[in-house]
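S.K.: Let the hints inform the model, and build the full structure from the sequences given.
Anchor point for the sequence shown: position 176 equals 176 in my numbering, and the numbering is continuous, going up by one each time.
Calculated from the structure, these hints are not laboratory results. These numbers come from a predicted model, not from an experiment. There is no bait here: all hints are sound.
Calculated lysine to aspartate or glutamate pairs in the EDC-like style (CA-CA distance at most 20 Å, straight line):
| no. | residue 1 | residue 2 |
| --- | --- | --- |
| 1 | K330 | E227 |
| 2 | K330 | D396 |
| 3 | K330 | D288 |
| 4 | K330 | E352 |
Quick list of simulated restraints, FRET-style, between CB atoms:
| no. | residue 1 | residue 2 | range |
| --- | --- | --- | --- |
| 5 | V55 | Q189 | 49 to 59 Å |
| 6 | A40 | Q176 | 22 to 32 Å |
| 7 | L138 | Q189 | 47 to 57 Å |
Quick reminder that beta carbons are idealized off the backbone N, C-alpha and C, glycines included.
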Amino acid sequence: MMAPADPRDRSPLPAGVISDADHDPVRPAGRTVRDRVIDAACFLLAVGVTMLALVDGLAQHIAPVPLAVDLVLGSLCCLGVWLRRRWPVGLAVVAGVVGVYATSASGAALVALFTVAVHRRFAVVARIAAGYALVPFLTLLVRPDVPVGPWSQIVLGVAFALAVLAWGMFVRARRQSLRERARRVKAEQELRVAEARQGERNRIAREMHDVLAHRLSLLSLHAGALELRPDAAPEEVARAAGVVRDSAYQALEDLREVIGVLRAGVNRPDETPEGPQPTLADLPDLVDQSRRAGMTVRLDCQTDALAAVPAVVGRSAYRIVQEGLTNARKHAPDAEVAVTVQATPGDGVTVEIRNPCPGSTGTVGIPGAGMGLIGLTERATLAGGRLEHGPTPAGDFRLWAWLPSPIV
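M.R.: Structure representation (structure tokens):
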């Protein structure tokens with residue numbers, strides 16, 4: 001039963017090349033147009049050799065019965081050429097055995113030898129070639145009525161057979177090289193996709209670190225205030241509890257969203273993550289959240305110029321301000337924080353966060369992994385900018401970043 005036709009049937013490439021690397025070598029993929037053309041050419045070649053054998057037999061006055069048997073066997077071998085891709089070794093063996101008696105089967109035998117050289121390993125090809133080398137000597141024993149040709153004709157026939165054998169082995173080596181190249185290209189493509197997918201997940205992780213760190217620091221600060229001031233006014237307790245509830249709810253929503261993205265897989269690495277994507281226009285809301293948490297924040301930004309900042313640059317600047325407020329809330333909760341954002345046409349976006357350096361007893365004990373500033377430095381570098389952070393001679397802690405922006 002023949003294998004079903006391959007949907008890539010119209011390809012100009014041979015089926016042995018376009019088939020998968022792990023495809024069964026005995027049953028190659030469906031034949032292409034190129035394969036059919038080659039099969040037809042091989043069949044016509046075998047038929048042409050059979051016709052030459054008929055002409056030669058008539059010229060040598062071979063008896064009609066042996067000549068007819070010779071032609072019938074040769075014709076059957078010619079028809080077998082159409083099965084050469086399915087049973088190459090079987091056709092070669094049958095053509096070799098028939099060729100001992102029927103000289104008209106020599107064309108089909110050469111085609112079968114070429115097919116075996118293309119589709120089978122060298123050990124099989126060597127056995128078939130050794131068997132074919134014995135065919136002329138066996139023919140002398142079986143067909144004494146066939147006259148022996150001149151030595152030049154014998155040498156030419158051997159050279160032609162060797163050329164066919166070498167050509168088939170060359171085609172096999174070339175196809176193996178193409179398959180190996182295709183496997184390498186596929187492996188490299190899969191590696192690039194995996195790297196892009198991992199890079200996208202790392203980017204999502206950085207985004208969620210910034211978001212969750214900000215919300216959880218708000219939650220921790222208000223929970224600590226409720227713990228330290230149990231006698232606070234009911235209004236203050238209710239306001240702090242509301243902030244705690246809102247921060248916890250938003251943190252859970254953000255976490256649920258990113259987990260959903262990671263579980264589903266990032267099938268399109270060029271897409272932006274589904275998590276929250278704020279811009280510089282959201283800076284006032286971010287500062288208001290910190291103020292409601294009890295921080296003293298002074299914001300100085302040019303809202304008109306910020307509207308022209310691209311979304312990618314604005315998101316990076318927003319994350320820098322968010323991380324700066326989070327760090328200030330962790331290490332200097334009672335200090336005033338100054339946030340300055342400037343967007344100068346042709347000069348990019350500059351972000352600066354300043355707060356007094358914390359003392360030895362001024363922290364609230366909110367744990368941190370120490371990766372926020374590292375992630376911000378990487379984000380700014382990838383955007384083509386730079387980031388600086390550290391204490392100043394005036395006793396402040398300064399977080400400064402510059403991001404290039406094509407503002408017009």
